[in-house]
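A.B. asks: Sequence:
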Amino acid sequence: MLSTPRSISACLLSALALVTAGCGGDDEPTTSGEPPTEAPSAADFPEPESGSLDELISDVGETNEIVAAPAGAVFVPGETRFSFGLFDVAGPQIDDADVAVYLQDAKGGKIAGPYTARSESLAVQSPYQADNAGEGDATSVYVAEVPPLKPGEYRAVAVVRDDEGTLAATNFQTAINVAEQPGIPAEGDSAPSVHTPTLDDVSDVSDIDTRIPPSTMHTEDLADVLGKKPVVLLFATPALCQSRVCGPVVDVAEQVKAEFGNDVAFIHMEIYEGNQYDPENPKLRPQVDAYGLPTEPWLFVIDKDGKVQTRIEGAFSVSELENEVGKLLG
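Going by my numbering, the sequence shown opens with residue 1, and the numbers climb by one from there.
Hints are supplied without guarantee of correctness; some may be wrong.
Between beta-carbon pairs, the in silico distance windows are [as the list claims (entries may be wrong)]:
1. Asp263 <-> Asn64: 42 to 52 Å
2. Pro147 <-> Gly183: 17 to 27 Å
3. Asn64 <-> Lys107: 18 to 28 Å
4. Gly227 <-> Ser58: 52 to 62 Å
5. Pro147 <-> Asp54: 39 to 49 Å
6. Glu62 <-> Gln276: 35 to 45 Å
7. Asp305 <-> Glu55: 46 to 56 Å
8. Gly61 <-> Glu38: 37 to 47 Å
Keep in mind that the hints were calculated from the coordinates and are not lab data. Glycine included, every Cβ here is placed at the ideal spot set by N, Cα and C.
Using the sequences and the hints given, assemble the complete structure.
C.D. replies: Structure representation (structure tokens):
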């Protein structure tokens, strides 16, 4: 995910984003998204004893061959979707591991976990795969359901189990900072009403979309539909995203739009003014500022009353988005 003036280091975030890029279309998909790979049993991982994560790593055995990185920078009290990526130090993504997450307050205290993670495929069907998909785009994201955390800074460790049952532990590449984020609409909040540019506002759709071909999610203005019908609002910049996740999640949204677009407004919103990114002085579009977004991409699933039902920072799968839209429609 690309860094903005309010974000943490983009180099830490870039490893986190995971997906295959895609192309838009209104054809009905032949199948839904790939089901997630089920999380392994927590019984396959050690129960933490008193002590530090360093002691847990020592007991399990540390690996220098695997990099673990969170798939987002914003963690709030009560948040439970902990998404992350695993990478071989040589570069390839590891998308089929049995893995569990352990956390500990940076000041010490009881180790929490193991929280085992499912693997969500980020693949899309070929009609929805963008032409400007980048090499090295990831194909999955791990998701662990973590109980609500109190505000503070946490260390996190991933323990990976191979096919032979051998365990190996690695630290996450950045700390987990849990804090209130009042500027970002939370679940249950009213979504800010802002105008989002449509095809009627521009002579060339490339002015409002960096995807090739452009997404089909520029026909409705958020200000016109908010509070009148369900909305899937996606902030992402396929061509300018350093994390290589923005294009992929736009592809995911395109596939889900083909299923639900008659009943739900799908809106894709770019990040930077003029679709230009200056690392010294990035100028955000006013809609991004209105939602208080410190990173991208971000997904907001909004009900017909204009309330945020779900928000996700970073990567998500077709099956996850299908599930959330299904909730909107009852």
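A.B. asks: Check the following: the C-beta atoms of Pro147 and Asp54 are separated by a distance inside 39 to 49 Å.
C.D. replies: violated (23 Å)
A.B. asks: Using the C-beta atoms of Asp263 and Asn64, is the stated range 42 to 52 Å upheld?
C.D. replies: Since the Cβ atoms of Asp263 and Asn64 sit about 49 Å apart, the hinted range of 42 to 52 Å holds.
A.B. asks: Quick check on a hinted range of 46 to 56 Å for Asp305 and Glu55, using CB atoms only.
C.D. replies: holds (49 Å)
A.B. asks: Return holds or violated for the Cβ distance of Gly61 and Glu38 against the range 37 to 47 Å.
C.D. replies: Given range 37 to 47 Å: violated, Cβ gap about 25 Å.
A.B. asks: Between Asn64 and Lys107, does the beta-carbon spacing fit 18 to 28 Å?
C.D. replies: Distance hint for Asn64, Lys107 holds at roughly 27 Å.
A.B. asks: Evaluate the given range 52 to 62 Å for the C-beta pair formed by Gly227 and Ser58.
C.D. replies: holds (55 Å)
A.B. asks: Given the hint of 35 to 45 Å, is the C-beta distance from Glu62 to Gln276 inside that range or not?
C.D. replies: holds (43 Å)
A.B. asks: Just to be sure I understand the hint, the distance between the Cβ atoms of Pro147 and Gly183 should be within 17 to 27 Å; is that true here?
C.D. replies: holds (25 Å)
Hint compliance for this structure: hints 5 and 8 are not met, and every other hint is.
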